[in-house]
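Number of protein chains: 2
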Amino acid sequence: MKIIHYLEAEPKRFDANNVKGVTGRVVIGKLDGAKNFCMRIFELSEKGYSPRHSHEWEHEILIHSGKGEVLSDEKWVPVTNGHVVFIPGNEDHQIRNAGKDPLIFACLIPSGFPEL
Amino acid sequence: MKIIHYLEAEPKRFDANNVKGVTGRVVIGKLDGAKNFCMRIFELSEKGYSPRHSHEWEHEILIHSGKGEVLSDEKWVPVTNGHVVFIPGNEDHQIRNAGKDPLIFACLIPSGFPEL
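Chains D and E, in that order, give the protein sequences. Numbering-wise, this note's numbering comes out as the position in the first sequence, counting from 1, plus 413. Numbering-wise, this note's numbering comes out as the position in the second sequence, counting from 1, plus 413.
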């Protein structure tokens with residue numbers, strides 16, 4: 414059994430043309446022996462956003478804290494702690510921070526794709 | 414895309430000899446088209462606990478809020494918001510509330526097993 418706080422996992426920072434203020438951590442993955450799916454925790458800083466994109470694998474997301482917005486069918490839908498988001502494969506999506514505090518969420522993906 | 418607050422999902426309550434004060438909800442599952450893994454959200458009331466057991470499938474857990482303890486190798490390990498727990502298949506486990514507020518956590522399992 415592995416028990417850690419997510420902040421103990423190694424952070425990877427993303428800042429580029431299409432992504433801003435994003436820190437990601439693989440907290441449960443193939444190195445832990447997780448064969449079926451992978452849990453990542455993301456922090457988006459104030460005004461941060463993930464890339465707008467789509468890919469063949471799905472996302473299962475739980476908003477942990479902060480205030481965010483999820484792009485769904487060209488509309489920004491507000492989310493906060495306790496919201497869950499299922500993004501099927503090949504569906505366009507983007508997440509952005511809509512508050513002052515970091516937006517923190519878990520985003521899980523099936524195995525066999527890049528963990529981060 | 415599915416976006417809900419977890420409280421919108423139908424609750425199922427568990428109270429028996431080996432489980433107390435547990436409410437579970439399937440928030441992303443096969444009915445949503447999630448083919449690879451399933452997200453459930455559990456609330457344990459004050460003094461509530463999940464059954465002590467083991468089974469062939471793994472758990473990937475994120476503590477959302479509250480204070481809890483996880484039984485790991487006969488020791489109770491404290492956890493609170495932001496802790497993640499990976500329980501490999503066939504490993505004995507139990508979770509209990511160790512505070513006054515509800516202990517709320519996401520617990521994900523691979524597809525092909527009972528969702529709740």
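Honestly, I wouldn't trust all of these hints.
[Stated by the list, open to error] Every beta carbon over 12 Å from chain D, so not counted as near; a handful from chain E, in silico:
| hint | residue |
| --- | --- |
| 1 | Lys425 |
| 2 | Asp428 |
| 3 | Gly434 |
| 4 | Pro527 |
[Stated by the list, open to error] Only pairs whose alpha carbons sit at most 27 Å apart, straight line, appear in this in silico DSS-like list of lysine-lysine:
| hint | chain 1 | residue 1 | chain 2 | residue 2 |
| --- | --- | --- | --- | --- |
| 5 | E | Lys415 | D | Lys480 |
| 6 | D | Lys415 | E | Lys488 |
| 7 | D | Lys480 | E | Lys513 |
| 8 | D | Lys460 | E | Lys415 |
| 9 | D | Lys460 | D | Lys513 |
| 10 | D | Lys488 | E | Lys488 |
| 11 | D | Lys425 | D | Lys443 |
| 12 | E | Lys415 | D | Lys448 |
| 13 | D | Lys425 | D | Lys448 |
| 14 | D | Lys480 | E | Lys433 |
| 15 | D | Lys443 | E | Lys513 |
[Said to hold, decoys possible] Going by beta-carbon spacing under 7 Å, a handful of chain E positions derived as facing chain D:
| hint | residue |
| --- | --- |
| 16 | Leu444 |
| 17 | Asp445 |
| 18 | Phe499 |
| 19 | Pro501 |
Derived by calculation from the structure, the hints in this document are not laboratory data. Remember, predicted model here, so these are calculated numbers, not experimental data. In this text, a Cβ means the ideal position worked out from N, Cα and C, and glycines have one as well.
Hints versus structure:
With a closest Cβ-Cβ approach of about 16 Å to chain D, Lys425/E is found to remain outside the 12 Å limit, as its non-interface label requires. Taking the minimum C-beta to C-beta distance to chain D, about 23 Å, the non-interface status of Asp428/E holds against the 12 Å cut. The beta carbon of Gly434/E is kept farther than 12 Å from every beta carbon of chain D, the shortest such distance being approximately 19 Å. Every beta carbon of chain D lies more than 12 Å from that of Pro527/E, the smallest distance being close to 16 Å; the non-interface claim holds.
For the proposed pair Lys415/E and Lys480/D, the alpha carbon gap of about 18 Å is at most 27 Å, so the pair holds. Between Lys415/D and Lys488/E the alpha-carbon distance is near 13 Å, which keeps this suggested pair within the 27 Å criterion. Proximity of Lys480/D to Lys513/E is assessed by CA-CA distance (about 26 Å); at most 27 Å being required, the pair is judged to hold. Distance check on the hinted pair: Lys460/D and Lys415/E sit about 24 Å apart at the alpha-carbon level, within 27 Å; holds.
Distance hint between Lys460/D and Lys513/D is fulfilled; the C-alpha atoms sit about 8 Å from each other, no more than 27 Å. Of the supplied pair hints, the one linking Lys488/D and Lys488/E is violated, its CA atoms being roughly 48 Å apart against a limit of 27 Å. Straight-line distance between C-alpha atoms of Lys425/D and Lys443/D comes to about 17 Å, which keeps the hinted pair within the 27 Å bound. Restraint check for Lys415/E and Lys448/D: the C-alpha separation of about 25 Å stays at or below 27 Å, so the hint holds.
With a C-alpha separation of about 22 Å, the suggested pair Lys425/D and Lys448/D falls inside the 27 Å cut-off, and the hint holds. For a cut-off of 27 Å, the pair hint linking Lys480/D to Lys433/E is broken: about 33 Å separates their Cα positions. Of the pairs offered as hints, the one joining Lys443/D and Lys513/E is violated, with about 35 Å between alpha carbons and a cut-off of 27 Å exceeded. Annotation: Leu444/E was flagged as interfacial toward chain D, and the flag is violated, the nearest CB pair being 11 Å apart, outside 7 Å.
The interface hint given for Asp445/E is met, as the beta carbon of that residue sits about 5 Å from the closest beta carbon of chain D, less than 7 Å. Given hint, Phe499/E at the interface with chain D, holds; its Cβ is 4 Å from that chain's nearest Cβ, closer than 7 Å. The interface hint given for Pro501/E holds, since its Cβ lies 6 Å from the closest Cβ of chain D, which is under the 7 Å cut-off.
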